[in-house]
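Participant: Each chain, letter by letter, is given below.
Number of protein chains: 2
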Amino acid sequence: MITRLFLQSHRVPALSADDSAALEAASSGTASFAARRIMVREQTPLDKCTLLLSGFVERYKDMPDGRRQILAIHVPGDFVDLHSYPLKRLEHSVAALTPVTVASFPHDAVRALTERSATLTELLWRSTLIDAAINREWIVSIGSRGAAVRLAHLFCEMFIRLGCVGMTRDAEFDLPVTQIDLADACGLTAVHANRMLRQLRERGLVEFRQGLVQILDWDRLRDFAEFDPAYLFLT
Amino acid sequence: MITRLFLQSHRVPALSADDSAALEAASSGTASFAARRIMVREQTPLDKCTLLLSGFVERYKDMPDGRRQILAIHVPGDFVDLHSYPLKRLEHSVAALTPVTVASFPHDAVRALTERSATLTELLWRSTLIDAAINREWIVSIGSRGAAVRLAHLFCEMFIRLGCVGMTRDAEFDLPVTQIDLADACGLTAVHANRMLRQLRERGLVEFRQGLVQILDWDRLRDFAEFDPAYLFLT
DNA sequence: CGATGATTTGATGGTATTCAAAGTCGGTGG
DNA sequence: CCACCGACTTTGAATACCATCAAATCATCG
Chain V
1 MITRLFLQSH RVPALSADDS AALEAASSGT ASFAARRIMV REQTPLDKCT LLLSGFVERY
61 KDMPDGRRQI LAIHVPGDFV DLHSYPLKRL EHSVAALTPV TVASFPHDAV RALTERSATL
121 TELLWRSTLI DAAINREWIV SIGSRGAAVR LAHLFCEMFI RLGCVGMTRD AEFDLPVTQI
181 DLADACGLTA VHANRMLRQL RERGLVEFRQ GLVQILDWDR LRDFAEFDPA YLFLT
Chain X
1 MITRLFLQSH RVPALSADDS AALEAASSGT ASFAARRIMV REQTPLDKCT LLLSGFVERY
61 KDMPDGRRQI LAIHVPGDFV DLHSYPLKRL EHSVAALTPV TVASFPHDAV RALTERSATL
121 TELLWRSTLI DAAINREWIV SIGSRGAAVR LAHLFCEMFI RLGCVGMTRD AEFDLPVTQI
181 DLADACGLTA VHANRMLRQL RERGLVEFRQ GLVQILDWDR LRDFAEFDPA YLFLT
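From first to last, the protein sequence lines are chains V and X. So in full-length UniProt numbering the end of the first sequence lands on 235, straight run, no missing numbers. So in full-length UniProt numbering the end of the second sequence lands on 235, straight run, no missing numbers.
Worth flagging that the hints you see were computed from the coordinates, not collected in a lab. Some hints here could point you the wrong way.
For identical chains, the list gives no copy identity; a pair is met inside one copy or between any two copies.
As the list claims (entries may be wrong) - Capping the alpha-carbon separation at 25 Å, the derived lysine to any residue pairs in SDA-like fashion look like this:
1) Lys-48 <-> Thr-101
2) Lys-88 <-> Thr-44
3) Lys-88 <-> Met-63
4) Lys-48 <-> Thr-235
5) Lys-88 <-> Ile-160
6) Lys-48 <-> Ile-134
7) Lys-48 <-> Ala-35
8) Lys-88 <-> Leu-15
9) Lys-88 <-> Glu-122
10) Lys-88 <-> Arg-116
11) Lys-88 <-> Val-40
12) Lys-88 <-> Met-158
13) Lys-48 <-> Val-12
When you get a sec, could you build the whole thing from the sequences and use the hints?
Facilitator: This is the structure:
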């Protein structure tokens, strides 16, 4: 059941057995990547999409001056580059944050799915648009929230998204990234991210160390981060 | 020909006469909105999509503290909220920047289009994903470019996008927004945006006043803004 | 156990925000 | 037609926030 986590995180109420089987069968196989390995380089023509089965993946853009902006962090069950089907190439790169396993879905097979079922089409399309909604929430975060709030918001988002695929334990979860990664995602320097993380810890909101996030007070963290999960479209 | 500008800006090489006619016929009619009118309020259930025929539209989110983050600026030919078809509601609001005319496409009609043609499906899907790619470029801009560069980049983007629909004149174009809007789009205060606009003018790159953008030196502006139109997927 | 990459801390400077006020522009009504 | 009004633009001064530079400490791993 390669597509189990994908369907689980999208709370699909009713997908016919037929559609479900067709989606599962559309995969052409699985693959693995080592941690920190570049999986897709920007502008490379693509002919298949990648469903993340295990591990964490980032989408990012490198800037001419050496800066790096992370655009998305993907968790198991995410269709990392489903948008390559209509676009044929990506304008950003994709890399593994940890060792990962993925399933491949050839563009031809995706097209066949869309010809077969409008419901499947809507599900897949919807999945790419939830990614876009997350992109927009990051615009809000980076554009109009302070540094500490940005980090807190990211932790809230990951807590909810990982919870959907059963990857949280009570009030903690693994987020196997460095402070540099957090900084690159939030549009901060690593130094400043470090100071803000300390502040979040000292305020008793959330603690991050070595890829482990411990939520100290969910209610206060949520309020501090102005976090409203509506943009994740879980309902 | 309601869909003329949409098809023009997406450089569709070959859409069958049938598909083209079906798309055109999917519209349920047109409507108008006054400038600064809210067209869609966030979280309202939607049953139709909106194609912008004339005028400018913004997508934005209001923050609890009164700040406002603009997420996208739409020009004629843009399917402003096509993503409401798979999502059923929007996590942001939509408002007219100028007087606008739009064409409506009921979700049912869009679904019928996807059942009818995989090529049309791909075209519509692709259109929503180009919006997402623009969202991501804004993340890059806001997250890792300085204020003046952000503004310059936005002017470059609008110049190219408006050029696609024939709304530029030589080296100038109308961008009927206020400095406050520019600031809200770029994650700046209006005061700082004003200072940076002066800097851009004094550097001889681009001049903005009263909704008119005049490009003083395109090559230098493009370089200054680190602008690469690849993310617009025009080819 | 050195080497490498990540985290932490300090000092300093630059960028952008905030607060305040004056100036400009269009539009409206007397 | 002109005075007035509100919204936008522009400027100044003080401050806050975040970046930069530098160096020390801490992990982790070959």
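Participant: Against each hint, give a clear statement of whether it holds in the structure.
Facilitator: Consistency of the hints with the structure:
In this assembly of identical chains, the alpha carbons of Lys-48 and Thr-101 lie at most 25 Å apart only when taken from the same copy (15 Å versus 39 Å across copies). Taking CA atoms no more than 25 Å apart as the test, Lys-88 paired with Thr-44 passes inside one copy only; the shortest distance there is 9 Å, against 33 Å between copies. Taking the closest pair of Cα atoms, Lys-88 and Met-63 come within 25 Å of each other only inside a single copy of the chain (23 Å); across copies the shortest separation is 36 Å, beyond that limit. Taking identical chains as interchangeable, the C-alpha atoms of Lys-48 and Thr-235 lie at most 25 Å apart only when they sit on different chains, with a minimum of 20 Å there against 29 Å within one chain.
With identical chains, the CA atoms of Lys-88 and Ile-160 are at most 25 Å apart between copies only, with a shortest distance of 21 Å across copies and 31 Å within one. For a Cα distance limit of 25 Å, the shortest separation of Lys-48 from Ile-134 qualifies both inside one copy, at 23 Å, and across copies, at 22 Å. In this assembly of identical chains, the alpha carbons of Lys-48 and Ala-35 lie at most 25 Å apart only when taken from the same copy (21 Å versus 43 Å across copies). When the C-alpha separation of Lys-88 and Leu-15 is checked against a cutoff of 25 Å, the pair qualifies only between copies, where the shortest distance is 17 Å, while the shortest distance within a copy is 27 Å.
In this assembly of identical chains, the alpha carbons of Lys-88 and Glu-122 lie at most 25 Å apart whether taken from the same copy (19 Å) or from different copies (11 Å). Proximity of Lys-88 to Arg-116 under the C-alpha cut-off of 25 Å is found in both arrangements, the shortest distances being 21 Å within a copy and 22 Å between copies. Taking the shortest Cα distances, Lys-88 and Val-40 sit within 25 Å of each other inside one copy (12 Å), while across copies they are farther apart (31 Å). In this assembly of identical chains, the alpha carbons of Lys-88 and Met-158 lie at most 25 Å apart only when taken from different copies (24 Å versus 28 Å within one copy).
For the homomeric pair Lys-48 and Val-12, the shortest alpha-carbon distances inside one copy (23 Å) and between copies (22 Å) are both at most 25 Å.
Of the hints listed earlier, there is not a single one the structure fails to meet.
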